[in-house]
Amino acid sequence: MPTETRARRLGALLRALWPLLAVLALWELAGQMRWVAGGALPAPSQILHRYWLDRADYPPHIRATLIASGVGFVIGNAVAVAAGLLFVLAPVTGRIARGLNVAIFALPPIAIAPILALTLDGMTPRIVLAALGVYFVTMQATVTGLQQFDSRAGDLVRAYGGGKAAVMRFVQIRGAIPAILSGFRVAAPNAVLGAILAEFGGGGRWGLGTYLLGSLGRGDPSRLWGIGLTATAIAGLSYALFAVLSARMLGRTRAVTLNPAAPPSEPRESVNLPVMAASILLPFALWWGVLWALQVPRMIGKTPWDVIDYLFLSAQSAQAQQRLLGALLQTLPITLIGMAAGLGFAFALAVSSRLTPGFTRAFLPVALVTQTMPLVALTPLLVLILGRGTAVTLWITVSVTFFPAYVMIAQGLAQVPRAALELPRAYGATAWRELRLVAIPAAAPWALAAVRLTAPRALLGVMIAEWLATGRGLGNLLNQSRGYMDFSMIWAVALVSVLLSVAFYQLALGFERRVLRRMGGG
Amino acid sequence: MSAPAGITLDQLSKTFRGRGKAVEALRDVSLDCPLGSFTALIGPSGCGKSTVLRTALGLESLDSGTVRMADMGPEKATRAGLTGVAFQDAALLPWRTVAQNVALPLEVLGRPLGPEAGRIRELIDLVGLKGRENALPGELSGGMRQRVTIARSLVTEPRILFLDEPFGALDQILRRQMNIELQRIWAETGVTTLLVTHGIDEAVFLADRVAVMHAAPGRIVALIDVPFGRPRGPELFSDDRFHHLCDQIAGVLHGGEHAD
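Note that the protein sequences, when read in sequence, are chains H and L.
For the first sequence, position 370 (counting from the first letter as 1) is numbered 370 according to the numbering used here, and the numbering increases by one without interruption.
For the second sequence, position 1 (counting from the first letter as 1) is numbered 1001 according to the numbering used here, and the numbering increases by one without interruption.
It is worth saying that the hints were derived from the structure and are not from the lab.
Each residue gets a CB set at the ideal place from its N, CA and C atoms; glycine is no exception.
Treat the hints with care, as some may be off.
Unchecked claim - Incomplete in silico selection of chain L near chain H, CB under 8 Å:
#1 1057
#2 1059
#3 1075
#4 1078
#5 1087
#6 1104
#7 1107
#8 1111
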């Protein structure tokens, strides 16, 4: 009967929504009673009220952010998919571009936002930062998706005389679409964050980042929350769009029978010195080339050589080294701790989501909010709540690391083939035992990849916290140098933080390979 | 299309190397499958029988020896559309419908699909999947998926058919049905067939000759003729001569290298 099914559907909807409603009610109460740090956390109704008062201000800011992140998203993804195709068809190009890829992935947007603002104008810095934010995720997803095709289907195409191109056309490209879409999904919030970070660091009249910057001084938490939630909604909706699309595609694409395919690790290449040298030199060559092509004044645009000169050869080099080293020693330990906490949290959530799907459905929106909420907006509020100490840095680092790690691990768990999952169930295994026997080992390669992918994000989180809250470490040094127009130091901090990030990445990759070898993988 | 063709395998040798150890998969394997014949290649798991088939299709390179089909090597023969193949595992593309999966070899060979639409439908009828043309592989049972691969292996009108345990995943009843179907298709098309299997009864029921392989190194130890006339009906499965021949082949499989 239609009325009965409608009633049942309504009931299901209510059951799904009640945790959210409960959180909202608690939040309203906390806001009205000013429980949290004397009103740093306004009630939802107060935020809505502020929205209404500010309603005329929003459209141009939203439009600017949407355009910058949208254009950056499209450009970054187009380049990423094309690059992924190229790297799979001609693996040597992938090896040569490896240094560049890792550098793009690892560069903390906050470190290069000031540089982009100095060297480019108009919307360009925002678009570039948004594109850089999505490039690596999508490129990696494309490569993984293309490499992970069903080898049996590949054999069939080759058995009819099909070459590499035919396997690519008939099997790999279509098979990679879910992976690429899930890359888009993770990349979408990155584009919004990139655009807002650039707005924050680089002037301009419109954009949510600009609006936020202008509102910081007014000390009205309701407006800050309103802006933050708007940015969050944009990022969250873009994520949800690709989540739905990729869920649709995955059902049709998963192989029906189990094919023991290799996990998505970077295969170990035999050492080839010219290729390695080219891979290391390419990012520096590009850095040089862009400065030259854009005719950036020597005063502002420092070449790699200028930075080496500043740090090692010039008169101020001793002092510069000392400042950098001191900052580095403040940044490093907290980064490692934050990373460990974020990963642990992500793994626990991914596992519990397999055990209690309902809990995850309730929690995921909250997690998404903490992720897509621009940290630059959140930090001033967090400072009111948590103070200006280690707690703020840790909180921010965890929330930055956690989300991509969760997505990776959950994806690993979701890709366990039906047959493999049903085997322990057939022997009466409990959900927990089933998870321990099948799902966790199956997800291990993904969890390790998550370690590799979150290491640089952890550094980003620490630097944002340092810049905006704690006044310590590399983030603070960058902010200070920006204030003093100390261009050499800005470039030096950017270089050091990218190198540090790359080092983290390499360490994690080495560890991943060792574990995979022990597990009989790669 | 192409001229009818047999298969000549001459002194195939292949060693797999990796992780510090070498496995001699094939040593001097020679086999001649005359035009229009049905040959079964039988042996224990890992004896290299699938490797024979993969080298004949050019999926695996050889250390020494040659494969000839209608005076062509594997690359040329496969590209000319001379061969059809059905693998052990269905290996269907999950996003393509039954009809689209059947059509895949034609697309790989770059042949136009339009004129073949009728044949594709006939082949799907032939393997008993009428009405499921637009189903996705995920919606089919294991037996149905396997029958799609049989249809797919015939879509190019091959002169040579390679079957790698095509019914390995099916139950006994369905397997016998498919065996009878396959015999009918073979008789109708006259396609030279090489069947890799580990089912003795399947080999004896279908083949003119059974080549028995031993492992480590992979080699052919006996070539046994199957004397039964055609067409062979299901009653053959309960014939005493049938059982006697099966026992004889089992004897060769389990160690004795002599066939009478």
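To see whether the hints hold, each was checked on the structure:
{"no.": "1", "hint": "1057", "result": "holds, 5 Å"}
{"no.": "2", "hint": "1059", "result": "holds, 6 Å"}
{"no.": "3", "hint": "1075", "result": "holds, 7 Å"}
{"no.": "4", "hint": "1078", "result": "holds, 4 Å"}
{"no.": "5", "hint": "1087", "result": "holds, 6 Å"}
{"no.": "6", "hint": "1104", "result": "holds, 7 Å"}
{"no.": "7", "hint": "1107", "result": "holds, 7 Å"}
{"no.": "8", "hint": "1111", "result": "violated, 10 Å"}
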